[in-house]
Amino acid sequence: MTIIYALDIIGTFAFAISGALVASKKEFDLFGVIIIAFVTAVGGGMLRDVLINAHPINWIGDLNYIWTILAAVVFTFLFKSKIAPLSKTMFLFDTIGIAVFTLLGIQKGLAFELHPFVALVMGMVSAVMGGVVRDVLTNEVPLIFKKEIYASACLMGGIVYLVTNHFGLSEWLQFFATVLTVIIIRLLAVRFHLQLPKIKDDIFGKTT
Amino acid sequence: MTIIYALDIIGTFAFAISGALVASKKEFDLFGVIIIAFVTAVGGGMLRDVLINAHPINWIGDLNYIWTILAAVVFTFLFKSKIAPLSKTMFLFDTIGIAVFTLLGIQKGLAFELHPFVALVMGMVSAVMGGVVRDVLTNEVPLIFKKEIYASACLMGGIVYLVTNHFGLSEWLQFFATVLTVIIIRLLAVRFHLQLPKIKDDIFGKTT
Amino acid sequence: MTIIYALDIIGTFAFAISGALVASKKEFDLFGVIIIAFVTAVGGGMLRDVLINAHPINWIGDLNYIWTILAAVVFTFLFKSKIAPLSKTMFLFDTIGIAVFTLLGIQKGLAFELHPFVALVMGMVSAVMGGVVRDVLTNEVPLIFKKEIYASACLMGGIVYLVTNHFGLSEWLQFFATVLTVIIIRLLAVRFHLQLPKIKDDIFGKTT
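Residue numbers (UniProt numbering), protein chains in the order written: chain A, 1 to 208; chain Z, 1 to 208; chain B, 1 to 208.
Be aware that a few hints might be false.
Copies of the same chain look alike in the list, so a pair counts if it fits in one copy or across any two.
[As the list claims (entries may be wrong)] In silico BS3-like pairs for lysine-lysine, Cα to Cα no more than 25 Å straight-line:
no., residue 1, residue 2
1, K82, K25
2, K146, K88
3, K25, K146
4, K26, K82
5, K146, K108
6, K26, K146
7, K82, K108
8, K108, K88
9, K26, K88
10, K25, K88
Simulated from the structure, these hints should not be mistaken for laboratory data.
Make the full structure from the sequences, and use the hints.
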């Protein structure tokens with residue numbers, strides 16, 4: 001479906017901008033900004049492809065990823081002061097990005113005949129590991145580990161995909177159900193400040 | 001040998017708990033805890049398999065790793081306040097873990113016809129890199145680089161394996177000699193606070 | 001060309017020493033020093049080989065890398081107080097290292113029939129990612145992201161290689177033009193404190 005490819009590129013663009021913004025806040029030079037934009041945008045898919053032995057890996061097999069990322073860096077360079085007020089637009093793009101990356105990751109996993117549960121993990125790896133690598137390279141504790149429902153939204157979307165796929169719904173329904181699930185859960189989580197529980201205390205014991 | 005598989009699962013369980021404890025100390029949410037438990041437990045073997053091109057890699061080829069890790073996270077969630085006083089038990093499990101992971105890593109390396117010295121490195125990678133990835137993701141300087149004899153215990157155990165294997169001892173003898181070497185060296189090191197030297201000063205020069 | 005192999009080994013030696021020095025400053029023990037020297041020296045080529053599926057990867061296929069790195073650690077251990085005053089020599093070795101690693105990375109990429117632009121990226125990955133992994137493992141923000149022209153020197157050298165290769169110049173001319181470009185740009189950058197621009201403000205907006 002070409003609309004998925006278009007959304008893949010939009011997600012890549014959005015992720016690259018988010019990486020470029022983080023790197024420029026850290027006063028990285030132009031090269032550092034490009035690297036961080038790059039790993040944020042394609043890091044998840046790259047890790048997925050290395051783990052499932054899918055060569056050529058994403059950005060080696062399709063140069064459009066690189067062009068999209070370079071365009072995103074130029075865009076950030078030109079319009080940085082305009083992007084900050086657009087944080088809601090960025091948030092929407094980022095959310096579309098993780099939704100589409102989750103879908104594509106699971107589809108690729110199933111195409112490689114992985115167990116559905118492993119394919120589900122690959123969907124989440126595709127969606128969230130780019131951000132984790134970005135945070136490791138900028139010497140931050142990965143945001144994802146503490147953030148409102150984020151990977152969990154991908155998880156739920158992935159489960160919806162597996163179910164709709166299992167029951168043989170049309171490709172379009174699978175696509176919409178998956179992407180909408182991720183987006184709706186993410187929006188609700190941010191709107192209502194939902195968080196996953198932490199292991200501060202255990203069920204029988206006291207706070208440590 | 002099914003006892004090795006059982007010990008592999010025990011080691012995975014112990015490593016996953018140690019990862020979950022570190023992550024919960026950092027106030028990661030449930031998803032973050034699972035990720036850290038996961039990379040601690042299978043990160044070493046995963047890196048080994050990617051480096052030697054052994055696909056499907058460990059946790060993709062055998063779902064029992066994932067189930068074991070999820071069970072360890074649930075276990076940690078339920079009994080966190082009970083585990084802390086069990087640090088000696090945890091230490092023992094961890095030590096069994098590195099011993100078995102060293103053995104399995106070397107065996108796999110030799111099965112892939114690597115040079116024995118490279119196989120030895122793969123044994124150490126299997127045993128210690130999960131903890132390194134855990135520390136990187138939680139933004140700590142990897143403990144292993146400063147700790148009492150730890151990787152060195154794996155190194156010695158690995159050498160024992162190569163020697164007993166070279167001289168054609170029975171599989172059981174190879175297994176016991178390797179695992180016991182790692183465990184004994186690790187126990188002695190902790191008991192007597194043994195440490196590797198640091199390069200503070202050189203042999204001819206003065207302290208810098 | 002055996003001179004390239006010799007320079008590869010010299011570059012490996014220089015990178016390993018730079019890693020060992022960083023690790024010993026952090027008070028890592030001997031094992032930690034070896035690991036950091038190792039990833040600094042072969043990390044870039046290792047990542048390149050995993051990404052382009054070139055097995056056996058660099059240090060698995062040629063044990064000379066490991067021996068060179070161990071020799072460099074012993075050398076650092078013996079002569080640490082003598083090396084510090086040699087920072088200019090070390091800088092020269094390091095610069096030769098990135099020049100040769102860039103060349104070898106692109107050549108390998110082209111040999112694997114990658115798009116020239118992807119091969120160029122592989123040249124840079126080979127040259128700089130070892131240092132990035134070193135900085136991540138020692139819990140520092142990677143130097144490269146803020147440093148004077150460094151990766152950019154590799155980029156320019158890589159472009160010179162692609163152009164001279166495209167026009168069918170002799171191997172020796174390709175080699176000299178590439179390596180000299182990297183070295184000269186790097187020397188000029190350090191001499192005149194050249195830096196890449198940062199995205200502090202955008203072209204139309206104000207400083208944020």
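For the identical chains here, do K26 and K82 meet the 25 Å Cα criterion within one copy, between copies, both, or neither? Classified as within: same-chain Cα gap 19 Å, cross-chain 35 Å, threshold 25 Å.
When no copy is specified for K82 and K108, does a C-alpha distance of 25 Å or less occur within a copy, between copies, both, or neither? Neither way: K82 and K108 sit 36 Å apart in one copy and 42 Å across, limit 25 Å.
Homo-oligomer pair classification [K88, K146; C-alpha up to 25 Å]: within (20 Å within a copy, 30 Å between copies)
Quick one: K82 to K25, C-alpha cut-off 25 Å, is that within a copy, between copies, both, or neither? within (15 Å within a copy, 39 Å between copies)
State whether the alpha carbon distance between K146 and K108 is at most 25 Å within one copy, between copies, both, or neither. neither (28 Å within a copy, 36 Å between copies)
At 25 Å max between alpha carbons, let me know whether K25 reaches K146 within a copy, between copies, both or neither. both (21 Å within a copy, 12 Å between copies)
Is it within, between, both, or neither for K108 and K88, if the alpha carbons may be no more than 25 Å apart? Neither. Shortest intra-copy (30 Å) and inter-copy (44 Å) distances fail the 25 Å Cα cut-off.
State whether the alpha carbon distance between K26 and K88 is at most 25 Å within one copy, between copies, both, or neither. within (22 Å within a copy, 29 Å between copies)
Homomeric proximity label, K25 with K88: Cα distance no greater than 25 Å: Answer is within; shortest intra-copy Cα gap is 19 Å, inter-copy 32 Å.
Cα distance capped at 25 Å. Does K26 pair with K146 within a copy, between copies, both, or neither? Answer is both: 21 Å inside a copy and 9 Å across each meet the 25 Å cutoff.
Hints 5, 7, 8 from the list above are not met by this structure, while the remaining hints are.
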